[in-house]
Amino acid sequence: MITEALVLSAFLFVIGTLGVLVRRNAIIMFLCIELQLNAVNLSFVAFSRLHGMDGQIFVFFVMTVAAAEAAVGLAIIISIFRHYKTVDVGNFKLLRW
Amino acid sequence: MYASLAAVLFQVGEAASAGGQEAAESGAHFEPFLPGLIVLLPLLGFVLNGVLALRHATRSAEAVRAGGELDLDEGGRPLTHTLPSLIGPGVLLLAFVITSVNFARMLGAHLEEPVVVTYWTWMATGTFSVDAALQLDQLSMVMMMIVTGVGFLIHVFSVGYMKDDPGYPRYFAYLNLFIFFMLVLVMGASYPLMFVGWEGVGLCSYLLIGFWFSDREKSDAGKKAFIVNRIGDLGFLVAMFYLFTTFGTLDFVPIFAGAEEAFAYGGALVTTITLFFFLGAAGKSAQMPLYVWLPDAMAGPTPVSALIHAATMVTAGVYLVARSSVLFALAPVASATVAGVGVLTALFAATIALKQNDIKKVLAYSTVSQLGYMFVGVGVGAYSAGIFHLMTHAFFKALLFLGAGAVIHSMHVAYHSTHSHEDGQDMRNMGGLRKHMPITCATMWIATLAIAGIWPFAGFFSKDEIIWQTAAFGGAANAPYPALYTVFWLIALAAAMLTAFYMTRMMVMTFHGENRTGDQEEKALHEAPAVMWAPLAVLAVLAVVGGWVNVSEHLRDSILGLGPLTSGWLHEWLHPITEQAQLIQDLNLGVLAESAPIVGGGEVVWAVLSGAAAIAVVLVSFRYVGGQKIVPAAEDVEPIGFAKVLYNKWYVDELYDRIIVQPILALSRFCWNVIDVGIIDGIVNGVGFAARGVGFVVSMFQTGTLNTYAFILTVGVLIILGVSIF
Chain A
1 MITEALVLSA FLFVIGTLGV LVRRNAIIMF LCIELQLNAV NLSFVAFSRL HGMDGQIFVF
61 FVMTVAAAEA AVGLAIIISI FRHYKTVDVG NFKLLRW
Chain B
1 MYASLAAVLF QVGEAASAGG QEAAESGAHF EPFLPGLIVL LPLLGFVLNG VLALRHATRS
61 AEAVRAGGEL DLDEGGRPLT HTLPSLIGPG VLLLAFVITS VNFARMLGAH LEEPVVVTYW
121 TWMATGTFSV DAALQLDQLS MVMMMIVTGV GFLIHVFSVG YMKDDPGYPR YFAYLNLFIF
181 FMLVLVMGAS YPLMFVGWEG VGLCSYLLIG FWFSDREKSD AGKKAFIVNR IGDLGFLVAM
241 FYLFTTFGTL DFVPIFAGAE EAFAYGGALV TTITLFFFLG AAGKSAQMPL YVWLPDAMAG
301 PTPVSALIHA ATMVTAGVYL VARSSVLFAL APVASATVAG VGVLTALFAA TIALKQNDIK
361 KVLAYSTVSQ LGYMFVGVGV GAYSAGIFHL MTHAFFKALL FLGAGAVIHS MHVAYHSTHS
421 HEDGQDMRNM GGLRKHMPIT CATMWIATLA IAGIWPFAGF FSKDEIIWQT AAFGGAANAP
481 YPALYTVFWL IALAAAMLTA FYMTRMMVMT FHGENRTGDQ EEKALHEAPA VMWAPLAVLA
541 VLAVVGGWVN VSEHLRDSIL GLGPLTSGWL HEWLHPITEQ AQLIQDLNLG VLAESAPIVG
601 GGEVVWAVLS GAAAIAVVLV SFRYVGGQKI VPAAEDVEPI GFAKVLYNKW YVDELYDRII
661 VQPILALSRF CWNVIDVGII DGIVNGVGFA ARGVGFVVSM FQTGTLNTYA FILTVGVLII
721 LGVSIF
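Sequences listed follow chains A and B, in order.
Going left to right, the first sequence walks through residues 1 to 97 as the working numbering numbers them.
Going left to right, the second sequence walks through residues 1 to 726 as the working numbering numbers them.
Honestly, the hints are just simulated from the structure, not real lab data.
Careful, some of the hints might be misleading.
Not everything, but these chain A residues come out facing chain B in the computed CB check (under 10 Å) [stated by the list, open to error]:
#1 I2
#2 A5
#3 V7
#4 T17
#5 V20
#6 L21
#7 V22
#8 R23
#9 R24
#10 M29
#11 F60
#12 A75
#13 K85
#14 V89
#15 R96
DEER-style ranges, computed between Cβ atoms [as the list claims (entries may be wrong)]:
#16 N91/A <-> F696/B: 24 to 34 Å
#17 D88/A <-> I725/B: 30 to 40 Å
#18 H51/A <-> T708/B: 29 to 39 Å
#19 V684/B <-> D88/A: 45 to 55 Å
#20 I725/B <-> A71/A: 28 to 38 Å
#21 T708/B <-> E34/A: 45 to 55 Å
#22 V22/A <-> I725/B: 40 to 50 Å
#23 A10/A <-> Y709/B: 15 to 25 Å
#24 D88/A <-> G682/B: 48 to 58 Å
#25 E69/A <-> T708/B: 15 to 25 Å
#26 E69/A <-> I725/B: 54 to 64 Å
Note that CB positions come from ideal geometry on N, CA and C, so glycine has one too.
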């Protein structure tokens, strides 16, 4: 049972990572980061079957932080969109050498 | 005469203090009379004149800023130019009187041990301790009499000579400071204190040579003197270090008392110490190879040349050797070096003097030559003879320089009257000055006869004694290198003849024959004022009678002694100082010879011979130079052949330039261009360039692309995970 859960979690995490690395739409990248977080949450829940409730408590923490992060992150993306009229991160290259 | 003069002063001393009379009568106790004041008075003069000089400098600067120049004579001379005339010579006169009182007291006391007056502890670190202490003994007393006495006369002369110089107060401030340091040098009771005076007189010499510092050549001459002297000072310092490691103290009294125990006769350590001391002496006293600064030092005012570069400072080296006579007597090799360098310098400088045309240059080389004689004297163990020649030389050479100063003063005024730019020091422009300056001419002839060694002038007795002692020393029973001393003796005789020639040449070119100054200028030539010729007259008397205080027994028994007028006083007077060295010498060398080497003949015979030869040389050269056609400097042609070599001073300055100055310059340029600019700056700048380069390369990672950052982050996390797991 736990093996299947961990494999699923790994798949979700890799998909999320690849999405962050290859997609250029900020909203999609943001969703992929959420996907990574939830992949980790899944493995926490799976491990809590073996090691007690600690993992599930951690999941609540992660979800709280993710919610806060979503609020700040979306706010940034909106203000970028107002400025550039796009959310393609390929256009945001101001901070470079 | 000097002794009788002292006897008169003795009365003064008695009158000044009743306690002194008692001490004199008891005949054993010497009570020093205000010795500290002798040193402090010139220092006081320096402070007062220095304040006036600063005041004058401020006012000049204000005048220049206001767009004009300070006119000294506007509304009478300002105090800054009248007070130094009183303060400068005044403090010296007072110091001379106090010294004379001490001298008179010492004459009556038959002092055996030096009297050391300690004031305070100058420095004490660990085992090393030096007191600020003055040593009063027969040797320092002779030097103090010369320094304050001759110094006073030269100060008086300066009042006339420097009268119109804008730097008048500064001049007297420096001159007083010099006397202060010179007195510290001769009165200090330890080597460090002597070294303080030694460096101080070097400083004053530098300041006074470069007195007219706005002239580049003159300030360069000052620097040259200072730098060449540094080489010698190194020797003095090293010798002091050796002495300290041996004795644990640097005071004169314990060192000389323990020297015979601490050093083996002719041992390596004492030879090293004395050779280093002689290096110091050779620098200060302008001996080969360090003599080159003295002729250049003539850039200073002429009374300075008389005081510092003839009578007092340059004799400090002789004083050092005489003071350390015990050490030098223990080191026959070092003593032979002293005598050898001295005799070579005497000859070498005399040959250069033959062809010089600048009146001061002739006297400068003559001084170098006479200093050589003094070193011969102290090098052959005749310490009192060396000091004796130091004393007589102070009289007649100060006289010659002051006379030359009077001549230059007159020539300067003459050329100034017609705005001519001819050289007022070049003897080719002189001639026939006898008519215009009879007193200067007469007094300078006396000095010339004295330095030439004509009987019965001072130089005859002093120089002859040195030459004779050289022969006698070489013929001693166990003399270390008899043949060498025979050579020294012959060279000394030859140099004496050269002296007679070049001095006569100088006198003839200056005072005799036709005047070559120019028709207009001749009218302005004049005798020096009384304030200038009075010191000349006093010195002229001393140049005659100064030699009568130290006539050897043999001469006194012969026709050359002047009967009751002369005595062997100085030799006996210095006996407590030289006694220990004399004993060491007698013990190791045996009896001195009674007759000259090779041809034989006693002291009297050779005195007669050399005296007669000197007279002959003076007469012949008087006719020879008088018969020559001398043309003014402007029309003269360059000498050719050997005369050209002598005229250019054997090219020694050029040689030093080639083998010392230029290599040092080349080395400095190498250090500058290669080591400093190339290596050191290269490293510093290289570090900077490297930081910039690395930063540039690393900054390439900042692409600004978000995905790249995420990729690098991921790779980094994977690497860290990989490392921590496997």
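To see whether the hints hold, each was checked on the structure:
Restraint check, I2/A versus chain B: the minimum CB separation of about 20 Å is more than 10 Å; hint violated. Interface restraint check: A5/A against chain B, minimum CB-CB distance 21 Å, threshold 10 Å, status violated. Evaluation of the V7/A hint against chain B yields a violated restraint, the C-beta minimum of about 18 Å exceeding 10 Å. The beta carbon of T17/A comes within 6 Å of a beta carbon in chain B, closer than 10 Å, and the hint placing it at the interface holds.
Taking 10 Å as the C-beta cut-off, the interface hint given for V20/A holds, the closest approach to chain B being about 5 Å. Because the closest C-beta pair between L21/A and chain B is about 5 Å apart, less than 10 Å, the hint holds. Of the supplied interface hints, the one on V22/A holds, with its beta-carbon coming within about 7 Å of a beta-carbon of chain B, less than 10 Å. Nearest Cβ of chain B to the Cβ of R23/A: about 8 Å, under the 10 Å cut. The hint holds.
Look at R24/A: its Cβ gets to within about 7 Å of chain B, closer than 10 Å, so that hint holds up. At a threshold of 10 Å, the smallest CB-CB gap from M29/A to chain B is about 8 Å, leaving the interface hint in force. The restraint placing F60/A at the interface with chain B is violated, with a minimum CB-CB distance near 24 Å, outside the 10 Å limit. The closest approach between the C-beta of A75/A and any C-beta of chain B is roughly 17 Å, which is over the 10 Å cut-off, so the hint fails.
Residue-level restraint check for K85/A is violated (minimum Cβ-Cβ distance to chain B is 18 Å; threshold 10 Å). A distance limit of 10 Å between C-beta atoms decides the matter here; for V89/A the minimum to chain B is near 4 Å, and the interface restraint holds. Interface hint status for R96/A: upheld, as the beta-carbon distance to the closest one in chain B is roughly 3 Å, under 10 Å. Between N91/A and F696/B the beta carbon distance is about 26 Å. The supplied range of 24 to 34 Å therefore holds.
Remark: the range hint 30 to 40 Å for D88/A to I725/B is upheld by a beta-carbon distance near 37 Å. Against the hinted window of 29 to 39 Å, the Cβ-Cβ separation of H51/A and T708/B comes to about 37 Å, which satisfies the hint. V684/B and D88/A have their C-beta atoms about 48 Å apart, which keeps the hinted 45 to 55 Å range intact. A hinted range of 28 to 38 Å holds for the C-beta pair I725/B and A71/A, which are about 35 Å apart.
Look at T708/B against E34/A: about 22 Å separates their beta carbons, and that is not inside 45 to 55 Å. A hinted range of 40 to 50 Å for the beta carbons of V22/A and I725/B is inconsistent with their spacing of about 26 Å. Range check, A10/A to Y709/B: Cβ separation about 23 Å, and the 15 to 25 Å hint holds. For D88/A and G682/B, the Cβ-Cβ distance of about 50 Å falls inside the hinted range of 48 to 58 Å, so the restraint holds.
A hinted range of 15 to 25 Å for the beta carbons of E69/A and T708/B is consistent with their spacing of about 22 Å. Checked against the hint of 54 to 64 Å, the pair E69/A and I725/B fails, with Cβ atoms roughly 28 Å apart.
The structure fails to meet hints 1, 2, 3, 11, 12, 13, 21, 22, 26 from the earlier list, while all remaining hints are met.
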